[in-house]
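K.L.:
Single-letter residue listing:
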Amino acid sequence: MTSVADQISGPPLAAEAGVLARDASAAAPAMVRPVASERELRLDLFRGLALWLIFVDHLPQNLLTWLTIRNYGFSDATEIFIFISGYTASFVYGRAMRDAGFVVATARILRRVWQIYVAHVFLFTIFLAEISYVATRFENPLYTEEMGILDFLKEPDITIVQALLLRFRPVNMDVLPLYIVLMLFLPLILWLMRRSADLTLGLSVLLYAATWEFDLYLSAYPNGFWAFNPFAWQLLFVFGAWCAQGGAQRMSRILASPVTLWISIAYLLFAFFVTLTWYVPQFSHLMPKRLEQWMYPISKTDLDVLRFAHFLALAAVTVRFLRKDWPGLKSPWLKPLILCGQHSLEIFCLGVFLAFAGHFILAEFSGGTGLHFVISISGILIMSAAAWLFSWYKHSADKSGSRAKATGGNADLAGGGA
Amino acid sequence: MRFVSGAILSVSVLAGFLAIVPLRAEDASVPAPVPTPAAPAACEVPDYLLTGDIALPKVAEVIKAARPLNILVIGSRSSTINVGAAAASEAAAYPGQMLAALKAKLPAIEVNLSVEIQAKKTAEEIASGLGKLVESKKPTLVIWQTGTVDAMRSVDPDDFRTAVDEGVVASKEAGADVVLVNPQYSPRTESMISASPYLDNMRVVAQEHEVPLFDRFALMKTWSESGEFDLFTAVHGAELAKRVHNCLGRALSEFILAAARPKPVQEN
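Chains A and B are the protein sequences, given in the same order. Mapping the first sequence onto the numbering used here, position 312 (from 1) lands on 312, and the numbers just tick up by one. Mapping the second sequence onto the numbering used here, position 192 (from 1) lands on 192, and the numbers just tick up by one.
Chain A with its partners taken away, still in its complex shape (with noise of 0.2 Å):
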C-alpha cells in the first residue's frame, strides 16, 4: 500500500496518510475532508521552489539572481515559504490535535521546534567558522570600516549566549528564528482555530495592524531588531494555516471569479513596472513623485502591505492556473523540486550551507560569472540530490519501521515536511 501511495503523493505525507488511512479503517470515522487523503503536491512544488530561490537570493548577485522573483515584483521567496509553511504545519497538527487532543499536539509540535533550534545552532557554527577564518586571513584596507563588524569575535561568551537567545543573528540565518518563533505558537494558533478559524485570522490581522500602529518588534543583539519582524510576519502563517484549515476550500469561489484573476493580474503588472524602475534607473522618471513618497519604503521587517498583497495575487493567480491534477507535477521535470519541499527543514540548513560555501569559494578565487554560475547550479544538483537521498532513507525505513509502530514517529515525520 505504501508503495503504490509514494509513488503518486511522495513519501512525508504520504506517510501520514498511511497512518490515517489505517487509523480510519480501525475507527470507521468518516473523512471529515477528503481532500486530505492525498498530498497537495502544488504545495511541496512551491516550497521547493522557495527553497531554490532563497538558496540563490542567498549567493551573490549572479546570473541565476535575475531568475528569481523578487526581482520582479514587491514580495519573494521568503513569503512563499512561511505561508506554505503555515499551511502544512496547521495540517499535520491540526489533525494531531483533533486525534490525539491538545497536549498530545503541543508536546509534537514542540519537540519539531527543538529541531528547529538544533538546526539553527548548528548553522550558526558553521557561520562562526568561517567568519573566524575571514577575520584571521582578509586584510584590505578598503574595507577596515566593514571589518569592525567582526568585533564581536572579540567577546565569544556573550555572542554565543547570544545566539543560543537567538538574538544575535547573522544576514541569511533570519528565516530560521522566525519559524521558531511562529511554530511556538502553533498550538495556541491550532487551538483558538478549533474554536473559530475566522476569529483567529482576525486576531492576527489585529495583531499584524497593531505591529504597525504600535511599532512592536523584537529587540537583536548587538542592537538593532529582528529582521523579520515574527509580530508582522505571523499573519502570512496564520493565514496559511486558516487556508488549511478549510478556508481556501471557502475562498474558492473568490478565487474563482474573472474579477479576482484581474485584479491580480493588474497589481502584478503594477509590481513589475515598479521593480523594473529599481533595476532601469533610466525609467525612473516615469514614476509619479507622489506615488513614491507614499510607497517607498517597501519594508520587508515588517511584512509590507504591498508585499503581502503581491503574494495573495501569485497566489491566486497560480491556484488558477495551476490546477491540483495537472499532469505536470508528476512529471520527472519537477520531481526535484517537489522533493526538495518535502524535506523542507533539511534543505533549507543546506541551502544556506551552501550559500556560505559558495560565497567562501568565489571569495577564494575571486570567481568571475562563470564561477558563479557553476556554483548556483552545483547548488541546486547538491540540495536536490540530498532531498532525494532522505526521501530514500525515509522510504526505507518506513518500510521497515511501519508495521512497527503506529503513530508516535510518523505524526513528527509528517512535520518534517511542515
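Note that these hints are calculated values from the structure, not bench results. Do not rely on the hints blindly, as some may be mistaken.
Non-contacting residues of chain A with respect to chain B, defined by C-beta distances greater than 10 Å in every case (computed) [unchecked claim]:
1. V103
2. V134
3. E155
4. R195
5. S196
6. F225
7. K300
8. V317
9. T318
10. V319
11. A355
12. L362
13. V374
Per the computed footprint, the stretches of chain B lying under chain A, defined by three or more beta-carbons under 8 Å from a beta-carbon of chain A, are [said to hold, decoys possible]:
14. 150–157
15. 247–256
With the C-beta cut set under 8 Å, the calculated list includes, among others, these residues of chain A facing chain B [to be verified]:
16. P60
17. S132
18. T136
19. N140
20. L142
21. Y143
22. I149
23. A220
24. N223
25. G246
26. P288
27. E292
28. Y296
Where is the CB? At the ideal position from N, CA and C, for every residue including glycine.
Start from chain A and add chain B according to the hints.
P.N.:
Same frame as chain A, now just chain B:
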C-alpha cells in the same frame, strides 16, 4: 529518530563538501601575486550613475561667478584609506582625489576641501550636529557619506531615514547644497552586513529632498562585476584601495559637475 539519522546524513554530506574547500584554498594561494599596473585604472562608469535630473544650484552659481568652491566632506572610516603617511593617505582617499580632479577641471576657480571624519558614528549622531557644523564652516557643498555604521549596527531603518532626513534638511537650511554618498560595496562582508535597507532609505531621502545621491555602492559593484577591480581579494590591499579611491574621486567630481551644469530643457 529519523530526523537524527537525517541530520547525520546531512552532516556527512556537508563534511565531504567542507573537506574539499580548504584543499582548493591552499592550491589557490600558491601562485605569486600578480603585480598591479601603476597607471590609473580606466574605471568605466555607466552614464546613469553619474547624471541625474537633480541639480546643485549653489555650486552652479559659485562656478558661474568664479567664486571659491568650498566643499565639506563628512564621513566615516570608509571615506579614508591608510596608505602610510597621514598626508599621503589624505590625498589618496576619494575626497582628496575628487579635489585634485575638480581643480584640474575648474582651473579658473579656487576649490577648497575640508574633511570631517567621524568614525563609528551613526547617521543620528552625525545629524544632530550637522547644522551647526555647516553653519560654522559655511561650505557651498556638503558631501555626506553615511549608512555604513548604521548598517553594521543594524539601526532601525526608519530611525536611519529620519536621521538622514534631519541632516539633509539642516545642511540645506544652513545654506549648502548636499550630496549623499552611500556605503561601499563590500562583497566579503555581504553575509554579515545587510546594506540594502540603508541603501533604499538613502535613495528615498535623496528623492524626497531633491538631493543628488552618489551611488558608491552601485559603482563599486559595477567595477567588481566588470572585472575592473577584484574587491574580494585579500592581498595587495593598499594598491587596490588607492586605485578604487582614485576612481571614486574622479567619478564624484564628474558627478558634481554634471549636477552643477545648467540642464538643457527636456522635451518629454
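K.L.:
Given A:N140 was flagged as interface, is its beta-carbon under 8 Å from a beta-carbon of chain B?
P.N.:
4 Å, holds
K.L.:
Holds or violated: the hint that A:P60 contacts chain B, with Cβ atoms closer than 8 Å.
P.N.:
6 Å, holds
K.L.:
Identify whether the interface hint at A:E292 stands, where standing means a beta carbon of chain B within less than 8 Å of its own.
P.N.:
6 Å, holds
K.L.:
Given A:P288 as an interface hint, is the shortest Cβ-Cβ distance to chain B below 8 Å?
P.N.:
Check failed: Cβ of A:P288 comes no nearer than 12 Å to chain B, outside 8 Å.
K.L.:
Against chain B, does A:L362 hold up as non-interface, every C-beta pair farther apart than 10 Å?
P.N.:
7 Å, violated
K.L.:
Please verify that the nearest CB of chain B lies beyond 10 Å from A:V374's CB.
P.N.:
13 Å, holds
K.L.:
Quick one: work out the minimum CB distance from A:V103 to chain B and report holds if it exceeds 10 Å, violated otherwise.
P.N.:
Since the minimum Cβ distance to chain B is about 21 Å, A:V103 lies beyond 10 Å and the statement holds.
K.L.:
Is the interface hint for A:S132 satisfied, with its Cβ closer than 8 Å to some Cβ of chain B?
P.N.:
12 Å, violated
K.L.:
May I ask you to test the interface hint for A:G246 with respect to chain B, counting a Cβ-Cβ separation under 8 Å as satisfied?
P.N.:
29 Å, violated
K.L.:
Please check whether the beta-carbon of A:T318 is more than 10 Å away from every beta-carbon in chain B.
P.N.:
27 Å, holds
K.L.:
With a cut-off of 8 Å on the beta carbons, see whether A:N223 makes it to chain B.
P.N.:
Interface hint status for A:N223: holds (5 Å vs cutoff 8 Å).
K.L.:
Should the interface hint for A:I149 be scored as holding, given a Cβ-Cβ cut-off of 8 Å against chain B?
P.N.:
With a minimum Cβ separation of about 5 Å from chain B (threshold 8 Å), the hint on A:I149 holds.
Figure legend: structure checked against the earlier numbered hints; hints not met, in rising order: 2, 6, 7, 11, 12, 15, 17, 18, 25, 26.
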